[in-house]
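There are 2 protein chains.
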Amino acid sequence: MTAEILTIGDEILIGQITNTNSVWIAQQLNLTGIKVLHMASVADDEAVIITAFDAALSRADFVFITGGLGPTKDDITKKTFAEYFETPLVLNEEVLANVSSFFNKRGKEVSEVNRQQALVPEGCFVIKNVHGTAPGMWMKKKNTVFISMPGVPYEMKAMVTDIVIPKIKKENTLPFIYHKTVLTQGVGESTLAEIISDWENNLSVKKIKLAYLPQPGIVRLRLSSSGTDFNLLKKNVEDEIEKLKLLIGKYIFGFEDYGEAAVTLQSIVSDLLRANKQTLSLAESCTGGYISSLITAIPGASDIFKGAIVPYTNTAKNELLNVDQKIFLTSGAVSRECVEQLAKNVLKKFKSDYSIAVSGIAGPTGGTIEKPVGLVWIAIANAEKTQSFKFIFGDNRQRNIIMTAQTSLNLLRKFILKLPI
Amino acid sequence: MTAEILTIGDEILIGQITNTNSVWIAQQLNLTGIKVLHMASVADDEAVIITAFDAALSRADFVFITGGLGPTKDDITKKTFAEYFETPLVLNEEVLANVSSFFNKRGKEVSEVNRQQALVPEGCFVIKNVHGTAPGMWMKKKNTVFISMPGVPYEMKAMVTDIVIPKIKKENTLPFIYHKTVLTQGVGESTLAEIISDWENNLSVKKIKLAYLPQPGIVRLRLSSSGTDFNLLKKNVEDEIEKLKLLIGKYIFGFEDYGEAAVTLQSIVSDLLRANKQTLSLAESCTGGYISSLITAIPGASDIFKGAIVPYTNTAKNELLNVDQKIFLTSGAVSRECVEQLAKNVLKKFKSDYSIAVSGIAGPTGGTIEKPVGLVWIAIANAEKTQSFKFIFGDNRQRNIIMTAQTSLNLLRKFILKLPI
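Chains B and X, in that order, give the protein sequences.
The opening position of the first sequence corresponds to residue 547 in our numbering, with each subsequent residue numbered one higher.
The opening position of the second sequence corresponds to residue 547 in our numbering, with each subsequent residue numbered one higher.
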């Protein structure tokens, strides 16, 4: 089966926002076994939208449409949708209840403009918006299903994951696809490619496709295979992963099965701590609170997280975390001595079972020949021992912050599991 | 004049890479006064590419094509291009010299595969590639100019900036476009739409287009107008913004001129503090270090940022930031009393000029009838005074964290500027 992705909105055409919705939808469809033939972005203009609908009608089984569903005047997708299907807009009581509940929860009345969100083309299958007020709409013309959703990414994503993909799977016979993603940390994409080169060349024999999905500090390797015998697909992929473990086992920190929640180092570490009924605290200098924000983004973080101190000055490192003043004069704030004191003292301050401390030169300025931009020291501690590690990342500030966070979390994971570091 | 942007390559359709080339080209065209009508991404497939060329031929003055020009077998754009223009591929000596020089500089011989890079459709205007080997091609069919360029961003960008746009400007008379974006915080898209409804209805008289660009906690309003008299366009837009200020002035925190760097609340607050040679510290409970990570993501943050404490437990709030134990028994950790003590005490701990403290129920669990998920208290302090504010956001944890951060930073901005809050 084939699909087309259509993004509606002037903001994309003038280059004001990058179209990340299309990428995400393409990934989901690809994982479901639906081939994306075409992606297009068009203006909030009725004639242009209709032309795009007609083009899609002639060649795709599914048309995924995002954007242009807001309550404001520049959003015309719904009106155009109704006209294309030659059906009037009618008030949908369930959507109205959803809109009312959305506003009432926030102590607000539903305005006339917002009541209009509850209008949908007659005969359409309404896709409930659990995070917002604009409903999604599913309608069929000839053999093509048109699915219109809001452009707000998290509203759209919930609709696709919870309703649209399950409905497509239920109503169609799609080939089986078995995907598994191997998560690695601490090794770059090109080094990885060299290590696994022979293994990779042999994948085609078993009709397994490999994709490298790199992000700062992490490379995900996605293996996928499609066919009619699910058990065979699964066995083939799992066998290859066993071989891969022998080659790059020390870099692997986890696996993702398709359709399950994304596995992150912060989620792995949080789950480990929760299982052990243990807690964590952080002393973050160069990462400036970023590791703490990753941990606390996870619901229930307070079970395992006692807190963090971001001592962004030497005075704060000394006064809040008792780093000896003389360290700043001898080794400096970016040193083994400093991060070890930070890790030991933050552990005591918060009475946590584990701690992480980081100190580095995030850049773009502040580097010297001896201590270049990208130099980072990380220490991990518990009551028994403190271990510290030196890294030199790159010259991009944001990337250095992310690399430090990912590396720290993986070191903590190994420390908790008593793996060789 | 109008343009269409066409991206060729399977890697975009399977969601493996995000299409950033299109965004960048759209920005350049917009600044040049060329309206982008349509963007599309299609597979490396001859028939599909020809269909896309034909569609573009019927509606655009310029077609910008990227991708599919590499030397490997799956790259078929050039062959398709020559067929579309019914002209043979011929060896171009200048391109061959460029390709040879490229490889010779790197101490390599030019392979047969790479010699083929010097083939171009007969009669085409060659766009020199200063950073690589695949040449760009400019050809005209009927009234439409087709411009094919490599997909490697920095190769393509140099061609557009140095050759394509200057050539378009030389050969055509283009209109001017004036854009300005108004940044608002603390008001939702639909409420904003109601307040400015009459103003918005009158924009068409001056041929100004308005777009709402919402993100959590922030709505950006983009005004744009095109015509032949740049000063008039600018005056019209600026006049309307003056009227807008009278309606929603209290929500406006800044402006973005098109093509300049994005303006964020953290950058505005950092710049204000830097200009005043003042500093900030944070006590972040429900935001868990997120505000700190926003501030420290900006290069040079150490000039204005002393640090943060994330007291994720009541014990930490008491021991690290001296919140009275009795407050937890009476008002609770999510209360005016608690955030005010946090703000005052973190200010003293870090000896900063300003502080922000936040405490709330981020969710998804932990809410009660009296204190629902989404309830957040924020306090802002300096040595003279402490002000605190209560908010009820929504039920999405990540969104509540972002809304709290944006709201806090805007409150601090107003506090520093002594604006009414």
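Any given hint might turn out to be false.
For identical chains, the list gives no copy identity; a pair is met inside one copy or between any two copies.
What the hints assert, rightly or not - The calculated PhoX-like cross-link candidates involving lysine-lysine, where the alpha carbons are at most 20 Å apart (straight line), are:
#1 917 / 651
#2 917 / 654
#3 752 / 713
#4 651 / 936
#5 654 / 936
#6 726 / 581
#7 823 / 755
#8 752 / 960
FYI, nobody ran anything at the bench for these hints, they're computed from the structure.
The hints, checked one at a time:
no. : hint      : result
1   : 917 / 651 : between (53 Å within a copy, 13 Å between copies)
2   : 917 / 654 : between (55 Å within a copy, 17 Å between copies)
3   : 752 / 713 : neither (30 Å within a copy, 47 Å between copies)
4   : 651 / 936 : between (50 Å within a copy, 16 Å between copies)
5   : 654 / 936 : between (53 Å within a copy, 16 Å between copies)
6   : 726 / 581 : within (17 Å within a copy, 39 Å between copies)
7   : 823 / 755 : neither (40 Å within a copy, 56 Å between copies)
8   : 752 / 960 : neither (33 Å within a copy, 63 Å between copies)
Checked against the numbered hints above, the structure violates hints 3, 7, 8; every other hint is satisfied.
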